[in-house]
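Enquirer: Chain by chain, the residues run as shown.
Protein chains: 2
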Amino acid sequence: MILELADILIQPGREAEFDAAILRGVTEIIAHAEGFLGWSVHKGVENPQRYVLQIRWRSLDDHMEGFRKSADFTRWRDVVGPFFARAPQVEHFELAGSSQS
Amino acid sequence: MILELADILIQPGREAEFDAAILRGVTEIIAHAEGFLGWSVHKGVENPQRYVLQIRWRSLDDHMEGFRKSADFTRWRDVVGPFFARAPQVEHFELAGSSQS
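Sequence order for the protein chains is A and B.
All residue numbers for the first sequence refer to the working numbering, where the first residue is 1 and numbers rise by one.
All residue numbers for the second sequence refer to the working numbering, where the first residue is 1 and numbers rise by one.
Misleading hints may appear alongside valid ones.
To be verified - Calculated Cβ distances over 10 Å to all of chain B for the following chain A residues: (1) Gly13; (2) Arg14; (3) Glu17; (4) Arg58; (5) Gly66; (6) Trp76; (7) Arg77; (8) Ala85.
Said to hold, decoys possible - From the derived model, a few chain B residues whose C-beta atoms are all more than 12 Å from chain A: (9) Gly13; (10) Gly66; (11) Lys69; (12) Thr74; (13) Arg75; (14) Trp76; (15) Arg86.
To be verified - One-sided and incomplete, this derived list gives chain A residues near chain B with beta-carbon spacing under 8 Å: (16) Ile2; (17) Leu3; (18) Asp19; (19) Gly38; (20) His42; (21) Val45; (22) Leu60; (23) Leu95; (24) Ala96; (25) Gln100.
Note that these hints are calculated values from the structure, not bench results.
Glycine included, every Cβ here is placed at the ideal spot set by N, Cα and C.
Excised from the complex, chain A in its bound form (with noise of 0.2 Å):
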């Protein structure tokens, strides 16, 4: 399993619609990826334009060779992208350890 995490910041103001398109692009197309395990997303207490998104995956191929190269990539950035304030940054990790493992 590898999870994907990725830290998004908005546009001052418009949180309310993007709380609504990222649930959407994750339940509606990035859910149906081959190698889609598991998803989550969390909002900034400091600062609620920060939204972390957390997706397990099969493997990392799952999510750079398989969604990221898919016409369903493209659809999912059309619903998210447009509240974006800078590009995300995504990094991938490994577990190594967890209270519920």
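Given the coordinates of chain A, assemble chain B onto it according to the supplied hints.
Expert: Frame of chain A; chain B shown alone:
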């Protein structure tokens, strides 16, 4: 529920030592704090010196007023602090949605 997300960068070459230290610090110190609900630690794929520690707290005050101002916070920093390449970036988040909620 509030999520604390700590973005940590450690000194190169000390990954194996830090893997053990952070798991020990979380399970032996943070996990006993008032209002602690759960944790995960992830290690960077693109950047092996990057770690993301996620702690779920009952409330923001449980972390910032309770744990941060306790002697246990000093003990925690004594365990993990020697590995840091810079001060960790810590912010708090509210759940907007997830496939497990």
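Enquirer: If a hint holds in the structure, say so; if it doesn't, say that too.
Expert: Results for each hint:
For glycine 13(A), the shortest C-beta to C-beta distance to chain B comes to about 17 Å, beyond the 10 Å cut-off, and the non-interface label holds. Its beta-carbon lying about 14 Å from the closest one in chain B, arginine 14(A) satisfies the requirement of being farther than 10 Å from that chain. Here glutamate 17(A) stays apart from chain B, with its beta-carbon at least about 13 Å from theirs, past the 10 Å limit. Arginine 58(A), annotated as away from the interface, keeps every beta carbon of chain B farther than 10 Å; the closest lies near 14 Å.
Distance to chain B confirms glycine 66(A) as a non-interface residue, since its nearest Cβ pair spans about 16 Å, more than 10 Å. Every CB of chain B is more than 10 Å from the CB of tryptophan 76(A) (nearest about 16 Å), matching its label as outside the interface. The non-interface label for arginine 77(A) is consistent with chain B: the shortest C-beta to C-beta separation is roughly 19 Å, beyond 10 Å. The claim that alanine 85(A) is not at the interface with chain B holds, since no C-beta of that chain comes within 10 Å of its own (minimum 16 Å).
With a least beta-carbon separation of about 17 Å from chain A, glycine 13(B) lies farther than 12 Å from that chain, consistent with its non-interface assignment. Under the 12 Å C-beta cut-off, the non-interface status given to glycine 66(B) relative to chain A holds; the minimum distance is some 16 Å. Interface exclusion of lysine 69(B) from chain A stands, the closest Cβ pair being 18 Å apart, more than 12 Å. Every C-beta of chain A lies more than 12 Å from that of threonine 74(B), the closest at about 23 Å, which supports listing it as non-interface.
No Cβ of chain A comes within 12 Å of the Cβ of arginine 75(B); the nearest lies about 19 Å off, and the non-interface call holds. With a least CB separation of 16 Å from chain A, tryptophan 76(B) remains clear of the 12 Å interface cut-off, as annotated. Its beta-carbon lying about 16 Å from the closest one in chain A, arginine 86(B) satisfies the requirement of being farther than 12 Å from that chain. Of the supplied interface hints, the one on isoleucine 2(A) holds, with its beta-carbon coming within about 7 Å of a beta-carbon of chain B, less than 8 Å.
Against a cut-off of 8 Å between C-beta atoms, the interface hint on leucine 3(A) holds, since the closest Cβ of chain B lies about 6 Å away. Evaluation of the aspartate 19(A) hint against chain B yields a held restraint, the C-beta minimum of about 6 Å falling below 8 Å. A hinted interface residue such as glycine 38(A) counts as satisfied when its beta carbon comes closer than 8 Å to some beta carbon of chain B; here the least separation is about 4 Å, so the hint holds. Proximity of histidine 42(A) to chain B holds as hinted, the smallest CB-CB distance being about 4 Å (cut-off 8 Å).
Annotation: interface hint on valine 45(A) holds; nearest CB of chain B at approximately 4 Å, less than 8 Å. For the restraint placing leucine 60(A) at the interface with chain B, the shortest Cβ-Cβ distance is roughly 7 Å, inside the 8 Å limit, so the hint holds. About 6 Å separates the beta-carbon of leucine 95(A) from the nearest beta-carbon of chain B, less than 8 Å, and the hint is met. This hint holds: alanine 96(A) has a C-beta 4 Å from the nearest C-beta of chain B, less than the 8 Å allowed.
Below 8 Å, beta-carbon pairs count as interface contacts, and glutamine 100(A) has one with chain B at about 7 Å; its hint therefore holds.
This entry satisfies every hint, going by the numbered hints stated previously.
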